[in-house]
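Under this note's numbering, the first residue of the sequence shown carries the number 2, and numbering increases by one thereafter.
Among the hints, a few may not be true.
Here are the computed distance ranges between Cβ atoms for each label pair [as the list claims (entries may be wrong)]: (1) Q59 <-> N244: 48 to 58 Å; (2) G103 <-> K197: 14 to 24 Å; (3) K289 <-> R144: 37 to 47 Å; (4) S199 <-> H332: 47 to 57 Å; (5) Q186 <-> P218: 42 to 52 Å; (6) N118 <-> G147: 19 to 29 Å; (7) K347 <-> D160: 40 to 50 Å.
List of simulated lysine to any residue pairs, SDA-like, C-alpha gap at most 20 Å [stated by the list, open to error]: (8) K138 <-> P362; (9) K184 <-> S199; (10) K131 <-> M154; (11) K131 <-> S286; (12) K263 <-> S286; (13) K184 <-> L204; (14) K138 <-> R156; (15) K108 <-> S199; (16) K163 <-> H142; (17) K138 <-> Y152; (18) K131 <-> Y152; (19) K138 <-> D192; (20) K318 <-> P92; (21) K163 <-> D149; (22) K239 <-> K197; (23) K131 <-> K318; (24) K263 <-> N279; (25) K263 <-> S199; (26) K289 <-> D307; (27) K145 <-> R102; (28) K197 <-> G158; (29) K263 <-> E220; (30) K163 <-> S206; (31) K263 <-> D316; (32) K289 <-> V333; (33) K190 <-> S177; (34) K131 <-> F252; (35) K163 <-> L204; (36) K197 <-> H168; (37) K263 <-> N303; (38) K190 <-> T159; (39) K131 <-> K163; (40) K347 <-> Y315.
Honestly, the hints are just simulated from the structure, not real lab data.
Built from N, CA and C at the ideal position, the CB exists for glycine as well.
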Amino acid sequence: MKKQLDNFTVRLICNEYTHPKFIFKEVTDVNIETDTVLNFIVDEIPPDYRICYQKLFQNNWNIFLNDEEGLHPFNTSSDTVNDDTDPSWSPNGESIVYTQRGDDIYKYDIGSDSLINLTPGFEYNADQPKWTPDGNKIVYHYRKMGSDYTYIMDRNGTDNRKLFDFHTNIFFYDNSYDFIYRKNQSIYKSDIELTKDSLLLDLSSIDGSIIITDFNPIENEILITIARISGIPNCIAKYSFDNNQMDTVLFNETNRVYYNPKFSNDFSTVAFVEIIYNSSITHISKIKNCVKEDLVTLSSSNEWIDFSPLAFSYDDKYLTYSKNIDIQGTHVTWDSYIYAFNLETKREHLIDSGINAKWKP
Numbered sequence: 002m003k004k005q006l007d008n009f010t011v012r013l014i015c016n017e018y019t020h021p022k023f024i025f026k027e028v029t030d031v032n033i034e035t036d037t038v039l040n041f042i043v044d045e046i047p048p049d050y051r052i053c054y055q056k057l058f059q060n061n062w063n064i065f066l067n068d069e070e071g072l073h074p075f076n077t078s079s080d081t082v083n084d085d086t087d088p089s090w091s092p093n094g095e096s097i098v099y100t101q102r103g104d105d106i107y108k109y110d111i112g113s114d115s116l117i118n119l120t121p122g123f124e125y126n127a128d129q130p131k132w133t134p135d136g137n138k139i140v141y142h143y144r145k146m147g148s149d150y151t152y153i154m155d156r157n158g159t160d161n162r163k164l165f166d167f168h169t170n171i172f173f174y175d176n177s178y179d180f181i182y183r184k185n186q187s188i189y190k191s192d193i194e195l196t197k198d199s200l201l202l203d204l205s206s207i208d209g210s211i212i213i214t215d216f217n218p219i220e221n222e223i224l225i226t227i228a229r230i231s232g233i234p235n236c237i238a239k240y241s242f243d244n245n246q247m248d249t250v251l252f253n254e255t256n257r258v259y260y261n262p263k264f265s266n267d268f269s270t271v272a273f274v275e276i277i278y279n280s281s282i283t284h285i286s287k288i289k290n291c292v293k294e295d296l297v298t299l300s301s302s303n304e305w306i307d308f309s310p311l312a313f314s315y316d317d318k319y320l321t322y323s324k325n326i327d328i329q330g331t332h333v334t335w336d337s338y339i340y341a342f343n344l345e346t347k348r349e350h351l352i353d354s355g356i357n358a359k360w361k362p
């Protein structure tokens with residue numbers, strides 16, 4: 002007995018334990034006969050990975066990849082006993098670096114499905130890796146016997162050397178050579194060879210406590226929060242190093258708290274988290290051309306936005322955030338979930354459980 006099937010579809014289901022190299026292959030005009038075995042070729046079609054993030058797996062943080070719909074989670078971590086954190090995409094989108102066990106920096110190459118240790122033999126702790134814009138170097142935090150340092154190395158883990166005798170967050174210009182950094186109450190401009198060190202801004206001249214959250218290298222301006230009332234950040238502002246002027250993006254004198262402001266990739270929009278003080282209401286909002294828009298609203302007392310950064314997709318179509326939901330019990334604990342908000346349709350969808358999502362450039 003034979004049965005003719007048209008547009009027969011072969012699907013290989015992948016999960017987070019296996020590398021999903023095969024997605025589907027359409028096979029037409031297949032004759033299926035009882036007690037026979039079909040032989041056919043299935044094309045390799047790798048998933049279009051767009052997001053990397055931290056996810057709890059067997060009670061430890063692992064680094065996962067996924068597509069923008071959240072349909073193909075894949076665990077890149079080789080160590081499920083210790084925590085892997087701080088994922089960061091390479092600018093060409095071919096690999097990610099992250100911290101393993103809080104001790105070493107690893108690089109996972111997507112095409113070859115390979116994981117290598119970039120800091121083998123380090124006696125102390127290396128973490129928080131960040132790529133230069135050209136993808137040739139990686140800066141990171143190094144901890145040794147209670148002291149913190151800022152280090153830099155080549156993308157393959159060679160030429161490790163110290164930049165500073167303290168840890169600081171570095172923001173690069175597009176040339177991948179010059180950068181800005183903060184030391185105490187001052188912001189400086191330097192380069193990876195440390196041939197210059199120019200003072201850009203004395204933060205003590207600004208009323209309030211300052212946190213630098215992003216940098217626009219095109220306009221040469223930083224995005225900051227300012228805590229002017231009881232240490233609570235109630236102001237978002239831009240500061241231009243070209244004209245030494247500050248432009249207030251958003252300010253509230255009374256019951257608003259702002260944190261994690263982030264530029265869109267075209268720098269036209271600022272997204273941020275807004276908490277209405279002494280209430281259970283939290284917004285994820287954006288402001289563009291001086292117009293504020295609330296995108297997501299949480300009003301339940303057992304839900305709250307995680308402090309991991311907001312992230313725009315490469316085309317500024319999506320904005321990802323992590324939502325925490327408290328778990329009832331004797332201990333204070335919660336589950337975390339990553340959502341992608343579509344800025345065009347104003348709809349959101351779940352990516353996966355986890356935090357600290359980063360989009361492929």
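Among the hints numbered above, which are violated by the structure, and what are their numbers in rising order?
Violated: hints 2, 5, 11, 15, 22, 23, 24, 25, 26, 28, 30, 32, 34, 35, 37 and 38.
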